[in-house]
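**Q** Here's the letter readout for the chains.
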Amino acid sequence: GESVGLHLPTLSVQEGDNSIINCAYSNSASDYFIWYKQESGKGPQFIIDIRSNMDKRQGQRVTVLLNKTVKHLSLQIAATQPGDSAVYFCAENRDSNSGYALNFGKGTSLLVTP
Amino acid sequence: KAGVTQTPRYLIKTRGQQVTLSCSPISGHRSVSWYQQTPGQGLQFLFEYFSETQRNKGNFPGRFSGRQFSNSRSEMNVSTLELGDSALYLCASSWGFGTSQGYTFGSGTRLTVV
Chain A
60 GESVGLHLPT LSVQEGDNSI INCAYSNSAS DYFIWYKQES GKGPQFIIDI RSNMDKRQGQ
120 RVTVLLNKTV KHLSLQIAAT QPGDSAVYFC AENRDSNSGY ALNFGKGTSL LVTP
Chain H
57 KAGVTQTPRY LIKTRGQQVT LSCSPISGHR SVSWYQQTPG QGLQFLFEYF SETQRNKGNF
117 PGRFSGRQFS NSRSEMNVST LELGDSALYL CASSWGFGTS QGYTFGSGTR LTVV
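Protein sequences appear in the order of chains A and H.
Taking my numbering, the leading residue of the first sequence gets 60, the next gets one more, and so forth.
Taking my numbering, the leading residue of the second sequence gets 57, the next gets one more, and so forth.
No lab work stands behind these hints, which were simulated from the structure alone.
Note that the structure is a prediction, hence the values are computed from the model and not measured.
Backbone N, C-alpha and C fix where the C-beta goes; we use that ideal spot for every residue, glycine too.
Any given hint could be a false lead.
To be verified - Straight-line Cα separation of at most 30 Å, DSS-like style, residue types lysine-lysine; simulated pairs:
1) H/K113 / H/K69
2) A/K165 / H/K113
3) A/K101 / H/K113
4) A/K115 / A/K127
5) A/K130 / H/K69
6) A/K165 / A/K130
7) A/K115 / A/K165
8) A/K101 / A/K115
9) A/K127 / A/K165
10) H/K69 / A/K165
11) A/K165 / A/K101
12) A/K127 / H/K113
13) A/K101 / H/K69
14) A/K115 / A/K130
As the list claims (entries may be wrong) - What follows is a list of derived Cβ distance ranges for each label pair:
15) A/R110 / H/Q74: 37 to 43 Å
16) A/R110 / H/S163: 26 to 32 Å
17) A/Q119 / H/S163: 20 to 26 Å
Between the sequences and the hints, there should be enough to build the whole structure, so can you do that?
**A** See below:
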């Protein structure tokens, strides 16, 4: 069935290194993708989004890459900091007949070590 | 500017009981969506409300229901609770219907069914 999934459940990086979190999606009709960060005890927090008519979008220290050919999405975090430790989710905006619903991946836990 | 407020933060209920969770969206936001988050299934869409009408519904049994009031506040109800209903229930609000842009999540209500 259609799904959004993550390649790695956990990722450990050293402070200052760059992090790359990957995500695969299967619905080629998805036209909007979002990355969320969730810290313990909090709800998901928007990081960055990208529409299907784009290949790349940059934010502050974050870049999202979209490869529609292989249905792959990645989140790159530059100069990873301890405060980046959290669970990261990719989500696709899946249109239904009467509205939109976010379809989330399982999440990748990012641990930043000093 | 106040964020999305969910009450209560924590709840313990017994199997067979029913529960009502509340969500107050960001001022001006008219769309409210609900998600269930569990370690096994991740984040799953429950339903979306806009202008007091349910516009979209996920694949959950009829025991899960919701409503939205004229001030955009929303409640969700789960009847005949089962152990598997233990989860973090998240509410997200946005300014318009049918868009996940500007989705802002609350911190959730942690429901434990014993």
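**Q** Next, verify each hint and record whether it holds.
**A** Here's how the hints hold up against the structure:
Distance check on the hinted pair: H/K113 and H/K69 sit about 25 Å apart at the alpha-carbon level, within 30 Å; holds. For the suggested pair A/K165 and H/K113, the alpha carbons sit about 20 Å apart, so the restraint of at most 30 Å is met. With a C-alpha separation of about 24 Å, the suggested pair A/K101 and H/K113 falls inside the 30 Å cut-off, and the hint holds. About 11 Å separates the Cα atoms of A/K115 and A/K127, which keeps this hinted pair within 30 Å; it holds.
Distance check on the hinted pair: A/K130 and H/K69 sit about 42 Å apart at the alpha-carbon level, beyond 30 Å; violated. Simply put, A/K165 and A/K130 have alpha-carbon atoms about 17 Å apart, close enough for the 30 Å limit, and the pair holds. At roughly 23 Å between alpha-carbon atoms, A/K115 and A/K165 fall within 30 Å of each other, so this suggested pair holds. For the suggested pair A/K101 and A/K115, the alpha carbons sit about 28 Å apart, so the restraint of at most 30 Å is met.
With a CA separation close to 20 Å, the supplied pair A/K127 and A/K165 stays within the 30 Å bound. Restraint check: the Cα-Cα separation between H/K69 and A/K165 comes to about 27 Å, which is no more than 30 Å; the hinted pair holds. At most 30 Å may separate the alpha-carbon atoms for a hinted pair to count; A/K165 and A/K101 meet this at roughly 16 Å. Restraint check for A/K127 and H/K113: the C-alpha separation of about 27 Å stays at or below 30 Å, so the hint holds.
Proximity of A/K101 to H/K69 is assessed by CA-CA distance (about 22 Å); at most 30 Å being required, the pair is judged to hold. Under the criterion of a C-alpha separation no larger than 30 Å, the hint pairing A/K115 with A/K130 is consistent with the structure, at around 14 Å. The beta-carbon spacing between A/R110 and H/Q74, approximately 41 Å, falls within the hinted interval of 37 to 43 Å. Taken as a hint, the range 26 to 32 Å holds for the pair A/R110 and H/S163, whose Cβ atoms sit roughly 28 Å apart.
Take A/Q119 and H/S163: their Cβ atoms lie about 23 Å apart, and the range 20 to 26 Å holds.
Going through the hint list in order, the structure does not satisfy hint 5, though it satisfies all others.
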